Amino acid sequence: MSEQGPFIDLTAPQDAGQAAYNLAAELYPICRSITGAGILATLQTLKSRIPLTIYEVPSGTPVFDWTIPKEWNIRDAYVKDKSGKRVIDFQKSNLHVLNYSTPVRMVMPLSQLRERLYTLPDYPDWIPYRTSYYKENWGFCLSHTELAALPEGDYEVCIDSSLEPGKLVYGEYVIPGASSHEILFSTHVCHPSLCNDNLSGAALCLGLAKFLSGQKLHYTYRFLFVPGTIGAITWLAKNEAWVDKIHGGLVVACVGDPGHMHYKKSRRGNAPVDRAAEYVLKNNGKPYEIEEFSPFGYDERQYNSPGFNLPVGSLTRTPHGRFPQYHTSADNLDFIRPEALQNSFEMFLEVIQVLENDQHFVNTNPKCEPQLGRRGLYSLFGGHRSTPAMEQAFLWILNFADGDHSLLDIAERSGLHFSLIRSAASALHKVGLLKKAGATSDDF
Amino acid sequence: MSEQGPFIDLTAPQDAGQAAYNLAAELYPICRSITGAGILATLQTLKSRIPLTIYEVPSGTPVFDWTIPKEWNIRDAYVKDKSGKRVIDFQKSNLHVLNYSTPVRMVMPLSQLRERLYTLPDYPDWIPYRTSYYKENWGFCLSHTELAALPEGDYEVCIDSSLEPGKLVYGEYVIPGASSHEILFSTHVCHPSLCNDNLSGAALCLGLAKFLSGQKLHYTYRFLFVPGTIGAITWLAKNEAWVDKIHGGLVVACVGDPGHMHYKKSRRGNAPVDRAAEYVLKNNGKPYEIEEFSPFGYDERQYNSPGFNLPVGSLTRTPHGRFPQYHTSADNLDFIRPEALQNSFEMFLEVIQVLENDQHFVNTNPKCEPQLGRRGLYSLFGGHRSTPAMEQAFLWILNFADGDHSLLDIAERSGLHFSLIRSAASALHKVGLLKKAGATSDDF
Amino acid sequence: MSEQGPFIDLTAPQDAGQAAYNLAAELYPICRSITGAGILATLQTLKSRIPLTIYEVPSGTPVFDWTIPKEWNIRDAYVKDKSGKRVIDFQKSNLHVLNYSTPVRMVMPLSQLRERLYTLPDYPDWIPYRTSYYKENWGFCLSHTELAALPEGDYEVCIDSSLEPGKLVYGEYVIPGASSHEILFSTHVCHPSLCNDNLSGAALCLGLAKFLSGQKLHYTYRFLFVPGTIGAITWLAKNEAWVDKIHGGLVVACVGDPGHMHYKKSRRGNAPVDRAAEYVLKNNGKPYEIEEFSPFGYDERQYNSPGFNLPVGSLTRTPHGRFPQYHTSADNLDFIRPEALQNSFEMFLEVIQVLENDQHFVNTNPKCEPQLGRRGLYSLFGGHRSTPAMEQAFLWILNFADGDHSLLDIAERSGLHFSLIRSAASALHKVGLLKKAGATSDDF
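Residue numbers (this note's numbering), protein chains in the order written: chain A, 1 to 444; chain B, 445 to 888; chain C, 889 to 1332.
Just chain A, same shape as in the assembly (with noise of 0.2 Å):
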């Protein structure tokens, strides 16, 4: 433990969901995918921010039950009508292009074409995003009016893609804290130009990363910067001697949307992790959703598996697939908000001040209440009707400190706040009457 006790205090700086709109915003125009130079350029990016390490996995490499497929690039794609005219173009939207699409050049009737063209007819001005990463395939997206407004007969088809054996890359940021066990941040940055689903949880994360590595921080705080699932599969076959040491983790991902706030909880549903957002959620006053696990959405989904079982919950604003907007042309930068990403870096925030600090303490003066009096922390002019709520925290602190309530049992059970508490607990620890207890939480 560190010199400076236990205890931490964090404020969010008050322009992390500005930062973290721009940054969205700048990436947004990158046409991303599970390989390729956009998820790439992406990494860079960050890295131009934090000192991200870039990992690069060849095209071939099996994990687990996977292996790493050929690595996607592309440089133009359109649909070209009788005169010319790119009646789909690539270069207006990446979304038009089913992603992971082989190569293709050849002119084909509309009527044969249309089999690989993707609308959404109840949202028909939307683009829909696609994609056929494990099968190989061609196609294009577009809205439904569009489509409509298609004259029949002969169209220039071209995608200018490539699929060949390449690699896989993602990006890692480790900021070391006094116990090697580790909260995990996780977001994917796969996705094209689509902002919520994951601009957000990418901007999130390197916002949160920055902010952190100025701290001095009890965990080890890793931020992955991954493509979805392949990505997360890649990392845990690379990294699973040692996972066994993570706290805690959270996948990030649509933070950015004007919804409220949702937990999912991790499959074990009461880690460290589960009881802290919970408590987050429920305490800040504003409507919110607790979730049991379950084996659909993002990454938890690999982190959740059996086989790892890892405390890693998933802390979004409205869930995938849940906005109309998700995964088409609308989950754009008018989607998503500054004072949204704001509020999401709060109680991102709020959840790692109470991971921090809900440790266990004892009681060191156990048999009978110490005289608090005597210390200056308890009023010596008797008979009054009611304590006031310092004084109410020092006494269930005292009497609950046996090695087997962490001071969010604590918060939980007296129904005063986990930062009283905590407040409480210092001014305890100062004077002597706590001490951290023996080895009762991981490494605590």
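One or more hints might be untrue.
Computed list of lysine-lysine pairs in PhoX-like fashion (alpha-carbon distance at most 20 Å, straight line) [what the hints assert, rightly or not]:
hint	chain 1	residue 1	chain 2	residue 2
1	C	Lys935	C	Lys1055
2	C	Lys935	A	Lys367
3	B	Lys811	A	Lys245
4	A	Lys238	B	Lys811
Everything labelled a hint here was simulated from the structure, so no lab data went into it.
As the structure is a computational prediction, the values presented were derived from the model and not from experiment.
Fit chains B and C to the known structure of chain A by using the hints.
Relative to chain A, chains B and C alone:
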């Protein structure tokens, strides 16, 4: 485990209810008791349909705290008025005689006879059913209206019965399964002309036994047709050595009335049969009630006595004592319905199916998700908002097939129907992604 | 176990409430404090009724984190106006003096004196009760109306008190039972002329002690009459070695007001005394509240400190601080009622009865039901729709008397009243169908 794999899918015959009704109608006229010719004739009728073994135990044999009583037989009984007319006539309804009445032949005034006449003032047209098995006694039961119509004066009373050393009989039928662990069905067959309680139970068990005898089953199935209380006690006394092989059981009674299903849990409260029955009733879309164990009712009292504590519940329609017709002449062939018997049959079969299939599996690829797409089990085309139900089932099973969660656990956790979970598990088992867990549940 | 069998049935004397009221009235005028002549006179009054042992502990003795304070005594105190009239007079109410005031004799202007005058603006006619035990100080308490009526100018101030090395006293009375395990009743006797808090507690304990001293009891009963906080701490310091013999305890206070009963659980939350008190209040047919332990209130704070964690709850009517009269002159002989004291007495006795009788038994005939009929405990005439309550009790007890379920468990599980369960258990014990379980609960 059999070669066919662990999955079984049974469909109730459409005429199961009608067949049970017909059998109840055939057995209805017989005057049964806990011993004697009536119960023996009943067992022989059942034996003509399934290869029942009929056991005999001599009067006077001690069984735990009890002793096999003398055998009771009756040929005729009546009360005649001065004109020689039978005003109470056993030939019209065997309920007219207090069951186990000792022989009597005398003339007595109504004023004196009245002490031995039992009626139901609240249901003046119904004959009550009364017994005196363990204290020598005699009497008649009749409708309150009939009693009110009797003029004062002398009556000739005759009960042509015998109560002599003889034997107690009960029937047993066993269908061997792959496992030596057993599912027990126990039904009482001692009641005279009463349909819901319990010709319905006997007839339903006969139908289930017949149906299951043609199936390839994991568990061994044992059907008991016993006189109430003393029969179950006798059977337990004779089979005490091995009854811990019983994986689950159900006492079968009152399964023909038009009321909704009730499940009364075993004393353990969370035995596999409790969870299976609760699941089936909850997911059947019809009204139902689940009740904790209580030491009243039928032979679950004996199976759940603390020295045995067997996992035996009771699945009924309206439970004992809660329908007005209970233990009266109104519990007749009009009170039970073929369609109610059919529905009961289906519910019992559903419980059997859950028990047969509720096994523990282990994901053979527990670290990260396996790549379902290349096995043809998952869409290779990505980006959609939602996941089809079968793919959801795959993910739930793979995540929770850790040896600790049975298929029923996974169905309950996921909210997906057990039959879908079972089908999905079968598909995963086929491609080798699931294997049976070690001996985590009985002999599974 | 005593020869009389394990069952006890106690009835509260009808004048218990009036007797307690009379004792409170007798003790009311005395000026008590945590030390000094007042508390000693109080203990001596109690000793005239029960053979109390009075313990003395010298000032300066260390007790855990505390030190026995100097002894405080007071003879007179007043504030006189220029005319020599006592405008504040200790002889009229001992609440007028800040308890533990150091001696003072001086003349001072009201403007200066005002800082040492305590009133209750919200209740302008009541005198507050204030203390300064652990910091030397002096002051007066008076009604807000009286203060408002005082003209400016000089006043003669006199507190004829002494604060000198002396002793702390407390009383203890023990009623030996068959077992060395104890039930503890602890009540604070340090408050001056305040009735509900806590002459009611002292008087009730005296009455209980007197009543129980004539009974044949399983547990040993210990009554403590102590100054609040420091008295309980002192007692714990002197008795630390054996207090794990305490099977359960109750802090007794505020038992005379007209409000409904409150039970505050011990820190353990599920100790036998918690379950007994909760059961009694729930089944009493009157309003009540059950509360979890909190580290506020009376001496349960010390008994439940984590180094002791004794199973001591608090049974009160309206708890400390929740009635307006709390710690004011309005907590007088009009505020407490004989009938409230009577009801409190009965509730305490009910809890004692549950504790005495809540034992573990074992069915001596655990395999199948025993034949109750031949023992005269069950109707031999069968077929009825329902079972009489006593026969239900027999069946519940026989089914759950497995050594794991106490009689209270069985009462709660069955919904039958504890007194019926106790009677039924007594009958079963008499015919040999029940025997005491092994050492499953303390020394039972």
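Take a quick look at whether Lys935/C and Lys1055/C sit within 20 Å of each other, Cα to Cα.
holds, 19 Å
With a cut-off of 20 Å on the C-alpha distance, tell me whether Lys811/B and Lys245/A pass.
holds, 17 Å
Against the 20 Å threshold, does the CA-CA distance of Lys935/C and Lys367/A hold or violate the hint?
With Cα atoms ~30 Å apart, Lys935/C and Lys367/A exceed 20 Å; violated.
Please verify whether Lys238/A and Lys811/B have alpha carbons no more than 20 Å apart.
holds, 12 Å
Hint check: a violation occurs at hint 2 only; the rest are consistent with the structure.
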